[in-house]
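Enquirer: We have chain A already, so just place chain B on it with the hints.
Protein chains: 2
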Amino acid sequence: MRCHLLHLEEEEEEEEQDPLAVNYGEVPLPDLQSVLVRGRAQAIRAVGKKMAFVAVRERGFTVQCVVTEQEGSVSRQMVKFVASLNRESIVDVRGTLTLPSSPMKGASQPSPPSPINLEDAARSEAEIEKALQLVRVNQDARLNFRVLDIRTPANQGIFRIQSQVGNAVLVILRLFEIHTPKLIAGSSEGGSAVFKLDYKGRPTCLAQSPQLHKQMSICGDFGRVFEIGPVFRAEDSYTQRHLCEFTGLDVEMEIKKYYFEVMDIMDQLFVAMFDSLNVSCKKELEAIGRQYPFEPLKYLRKTLRLTFQEGFQMLKDAGVEIDPLGDLNTEVERKLGQLILEKYGTEFYILRHYPLAVRPFYTMLCYDNPAYSNSFDVFSRGEEIISGAQRVHVPEFLTKRAESCGIDVKTIETYIDSFRYGAPPHGGFGAGLERVVMLFCGLNNIRKTSLFPRDPLRISPREDLVVMVL
Amino acid sequence: MRCHLLHLEEEEEEEEQDPLAVNYGEVPLPDLQSVLVRGRAQAIRAVGKKMAFVAVRERGFTVQCVVTEQEGSVSRQMVKFVASLNRESIVDVRGTLTLPSSPMKGASQPSPPSPINLEDAARSEAEIEKALQLVRVNQDARLNFRVLDIRTPANQGIFRIQSQVGNAVLVILRLFEIHTPKLIAGSSEGGSAVFKLDYKGRPTCLAQSPQLHKQMSICGDFGRVFEIGPVFRAEDSYTQRHLCEFTGLDVEMEIKKYYFEVMDIMDQLFVAMFDSLNVSCKKELEAIGRQYPFEPLKYLRKTLRLTFQEGFQMLKDAGVEIDPLGDLNTEVERKLGQLILEKYGTEFYILRHYPLAVRPFYTMLCYDNPAYSNSFDVFSRGEEIISGAQRVHVPEFLTKRAESCGIDVKTIETYIDSFRYGAPPHGGFGAGLERVVMLFCGLNNIRKTSLFPRDPLRISPREDLVVMVL
Numbered sequence: 001m002r003c004h005l006l007h008l009e010e011e012e013e014e015e016e017q018d019p020l021a022v023n024y025g026e027v028p029l030p031d032l033q034s035v036l037v038r039g040r041a042q043a044i045r046a047v048g049k050k051m052a053f054v055a056v057r058e059r060g061f062t063v064q065c066v067v068t069e070q071e072g073s074v075s076r077q078m079v080k081f082v083a084s085l086n087r088e089s090i091v092d093v094r095g096t097l098t099l100p101s102s103p104m105k106g107a108s109q110p111s112p113p114s115p116i117n118l119e120d121a122a123r124s125e126a127e128i129e130k131a132l133q134l135v136r137v138n139q140d141a142r143l144n145f146r147v148l149d150i151r152t153p154a155n156q157g158i159f160r161i162q163s164q165v166g167n168a169v170l171v172i173l174r175l176f177e178i179h180t181p182k183l184i185a186g187s188s189e190g191g192s193a194v195f196k197l198d199y200k201g202r203p204t205c206l207a208q209s210p211q212l213h214k215q216m217s218i219c220g221d222f223g224r225v226f227e228i229g230p231v232f233r234a235e236d237s238y239t240q241r242h243l244c245e246f247t248g249l250d251v252e253m254e255i256k257k258y259y260f261e262v263m264d265i266m267d268q269l270f271v272a273m274f275d276s277l278n279v280s281c282k283k284e285l286e287a288i289g290r291q292y293p294f295e296p297l298k299y300l301r302k303t304l305r306l307t308f309q310e311g312f313q314m315l316k317d318a319g320v321e322i323d324p325l326g327d328l329n330t331e332v333e334r335k336l337g338q339l340i341l342e343k344y345g346t347e348f349y350i351l352r353h354y355p356l357a358v359r360p361f362y363t364m365l366c367y368d369n370p371a372y373s374n375s376f377d378v379f380s381r382g383e384e385i386i387s388g389a390q391r392v393h394v395p396e397f398l399t400k401r402a403e404s405c406g407i408d409v410k411t412i413e414t415y416i417d418s419f420r421y422g423a424p425p426h427g428g429f430g431a432g433l434e435r436v437v438m439l440f441c442g443l444n445n446i447r448k449t450s451l452f453p454r455d456p457l458r459i460s461p462r463e464d465l466v467v468m469v470l
Numbered sequence: 001m002r003c004h005l006l007h008l009e010e011e012e013e014e015e016e017q018d019p020l021a022v023n024y025g026e027v028p029l030p031d032l033q034s035v036l037v038r039g040r041a042q043a044i045r046a047v048g049k050k051m052a053f054v055a056v057r058e059r060g061f062t063v064q065c066v067v068t069e070q071e072g073s074v075s076r077q078m079v080k081f082v083a084s085l086n087r088e089s090i091v092d093v094r095g096t097l098t099l100p101s102s103p104m105k106g107a108s109q110p111s112p113p114s115p116i117n118l119e120d121a122a123r124s125e126a127e128i129e130k131a132l133q134l135v136r137v138n139q140d141a142r143l144n145f146r147v148l149d150i151r152t153p154a155n156q157g158i159f160r161i162q163s164q165v166g167n168a169v170l171v172i173l174r175l176f177e178i179h180t181p182k183l184i185a186g187s188s189e190g191g192s193a194v195f196k197l198d199y200k201g202r203p204t205c206l207a208q209s210p211q212l213h214k215q216m217s218i219c220g221d222f223g224r225v226f227e228i229g230p231v232f233r234a235e236d237s238y239t240q241r242h243l244c245e246f247t248g249l250d251v252e253m254e255i256k257k258y259y260f261e262v263m264d265i266m267d268q269l270f271v272a273m274f275d276s277l278n279v280s281c282k283k284e285l286e287a288i289g290r291q292y293p294f295e296p297l298k299y300l301r302k303t304l305r306l307t308f309q310e311g312f313q314m315l316k317d318a319g320v321e322i323d324p325l326g327d328l329n330t331e332v333e334r335k336l337g338q339l340i341l342e343k344y345g346t347e348f349y350i351l352r353h354y355p356l357a358v359r360p361f362y363t364m365l366c367y368d369n370p371a372y373s374n375s376f377d378v379f380s381r382g383e384e385i386i387s388g389a390q391r392v393h394v395p396e397f398l399t400k401r402a403e404s405c406g407i408d409v410k411t412i413e414t415y416i417d418s419f420r421y422g423a424p425p426h427g428g429f430g431a432g433l434e435r436v437v438m439l440f441c442g443l444n445n446i447r448k449t450s451l452f453p454r455d456p457l458r459i460s461p462r463e464d465l466v467v468m469v470l
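Protein sequence lines, in the order shown, are assigned to chains A and B.
Counted from 1, the first sequence has number 334 at position 334 by full-length UniProt numbering; the numbering is strictly sequential.
Counted from 1, the second sequence has number 246 at position 246 by full-length UniProt numbering; the numbering is strictly sequential.
In short, the hints are calculated from the structure, not lab data.
Treat the hints with caution; some may be incorrect.
Since copy identity is lost for identical chains, a pair holds within one copy or between any two.
As the list claims (entries may be wrong) - Derived pair list, reagent style SDA-like, types lysine to any residue, alpha-carbon separation capped at 20 Å: (1) Lys257 / Leu36; (2) Lys257 / Arg57; (3) Lys256 / Leu36; (4) Lys196 / Arg233; (5) Lys282 / Phe176; (6) Lys302 / Ser387; (7) Lys196 / Ala185; (8) Lys410 / Ala371; (9) Lys302 / Leu339; (10) Lys283 / Leu175; (11) Lys410 / Phe145.
One chain only, chain A, in its complex shape (with noise of 0.2 Å):
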């Protein structure tokens, strides 16, 4: 066996010559030799002063490697070198692989350097609990030192998942794909949930959606679009569910006759998105189960549409009152959940035909009933993920909703332009990417499918590449 170490934390102290030192050591950097497995030494342990046992583990996989003394290959410094690796460390292993005559039954090192100790940080809470000396690493220590976090098995796979979704997106509606900018000129009088920054003079804001631009790209006749890409956020939110930068999933799309289409796609999207993830992830699903355990979310063919006014009632008649022209708080969006799970056998469904009131100005009433609108939103183990709707189109009939909702029109003249040279019926939906992967692998908080979570708290690992980048 050879062990190529690519890393070492600290400096071996002065030793006695070996001449065996060819077979070991560290890696002249860039000249790598063949190699059998490249891994990271999870688990080492030394057995005397002749014997030592590394774990090494590649992803998911580990590979149990043995150094024994043997005169003419393996020295007694090597075997030493060996068992003062430092957990985490990447090595190289060139060997026979054998069955072992019996599984490796522990490893221990005195002062592990890394400060998370990965196996600490891929139990379950039922194992925390079952054993009361095993270490917590809580939520803070794993966003401290999240390049060590990210390398649990749980957290392998929901970022292989959260990858999965945005290819889904892709891949399934074959829609047109564009980029919008994040900086965006304008005081934002109205917004204190806006990031504000100064550009030459001039006051500029971070984008808190791409609305404006999308339904500008539907006006430019792209037919139907969508953008997967950061949006900000600057609101006081301190909830399992809300960041202050998250990756929404867009799309805008021209209407041909009503907004059902709108839906439509969304069902598409997501139904089809669902049964990829199952089949393609299942391994990624069962990692993160056996951290946190959950039931695979429950979704029908196609999915369950049901007006605001048939959940009011289903709500009314379970002796909850609510407004009915009113907005579903999260608690009663939450009973709703569970009164359509036990009805429709469902725990993705969508709710159609909001009140007017509580969608923003831009919405299209119903043409029928203009106390209500052309509008829904989907609801996931009882939470919002996605909001959608039709769009108003005709610059006249904006300016008057803008009005009756209390809006300066002058403040929104860019907008309402936007349509004044033809624009076709269209509606659209947004949804966020973290906050969908949370809800079907039944997270309990939105930092654990953030690979770099930001909330008015965290803004970190701090910028150094300011001063990097050519």
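Expert: What follows is chain B alone, placed relative to chain A:
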């Protein structure tokens, strides 16, 4: 023929009641009738008071419609209504499809309400120069009325191709897609080219590249990752090839043996992408070429790889003397591109093994000649579009490199710390999506390939939406 007008700028004058009014007019908004053609009124012409022609465009295609006074179905008022349509209005037309006895020769309208005439916006320079009375729509007017401008066949082609480039990255590489944060804590002492903002009293800036986070993903054992997302540079660049916000296309990957693996992935990706664009976007490329004539990009099945020294020698042989350990300027790059095209018949090639002194400190040096680095640039039509390298993954060595480049190591602690818990050898590359498309299509200005370009003089349209988004 029925004509449903969905959008009308000016109020109609008061007129006598039309008994056939039911056969035309504005559509009750959400309740559209079954239609045959929906498109834009591109050109309108009245022939006396009894007949009118309308050319209706749906993306690339045009249908000529004719309405003639006819007792019981078409009134004179209807003909007048059609003749007074605004250009670029969206119309629904139900009628009988026939071959025209003679082609529509012209169309006129006294005062087009749309600030850009699409026929003007779609003309090539050659056409404009041939006929001096034609209007030239300049770049600024185009960007001021981008919703109109992007309807030209060339622009429809450009953004379809941009969309396909993104698809290609995903479909060809099948890597792990990540979404890294754009909000980065830090006061960014070193960089003037950074957008700064203040978030709850903490200095924050916008990511200039996903460099740190994509490398952290590799340290987190993600293997091979890519990201397509916005990149922000507050530079004072007023060139044809710089934007202050563009779409970065970034790849980062573990290296098994040598940095050639990174070039292999780049090579495989771009050759397959160019092949796929040439096949699947044939019509789009033709549409672009009609307005902005260009020769197809010349590239080889396996991308040519020259060392910096070979490039140096070619330039020297052609009488161009440069510093053998310095960088190439834009002019020299173009000259080298020309020499390589003549000698090797390709406009797409890799120049590798750059002098270490002209690359960022985190670039891995060549093991056998530390004056050079394991890095490369890729050129398309004589301009750099991709920059890549192996990175230094050993924190102690990274510290030394930073010091020898005169960087205060304290300011880049976060970056160096990311490699302390075991980092595999790795490398990657970054490209700008807009520049890739610009040079593939031989365009002369990067604003042509950015949907809503941002440069030091333009951060508009304004953001009205801060008051609108719920």
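Enquirer: All hints are to be evaluated individually against the structure, with a verdict given for each.
Expert: So, going through the hints one by one against the coordinates:
1. Lys257 / Leu36: between (61 Å within a copy, 12 Å between copies)
2. Lys257 / Arg57: Answer is between; shortest inter-copy Cα gap is 19 Å, intra-copy 56 Å.
3. Lys256 / Leu36: between (58 Å within a copy, 11 Å between copies)
4. Lys196 / Arg233: Answer is both; intra-copy 11 Å and inter-copy 16 Å each pass.
5. Lys282 / Phe176: So Lys282 and Phe176 pass the 20 Å test across copies only (16 Å; inside, 29 Å).
6. Lys302 / Ser387: This pair counts as within: shortest intra-copy Cα distance 18 Å, inter-copy 46 Å.
7. Lys196 / Ala185: Result: close both inside a copy and across copies, 10 Å intra and 15 Å inter.
8. Lys410 / Ala371: For Lys410 and Ala371, the Cα distance exceeds 20 Å both inside one copy (26 Å) and across copies (61 Å).
9. Lys302 / Leu339: For Lys302 and Leu339, the Cα distance is within 20 Å only inside one copy (19 Å; across copies 60 Å).
10. Lys283 / Leu175: Between copies only: 17 Å across chains, 29 Å inside a chain, cut-off 20 Å.
11. Lys410 / Phe145: between (48 Å within a copy, 19 Å between copies)
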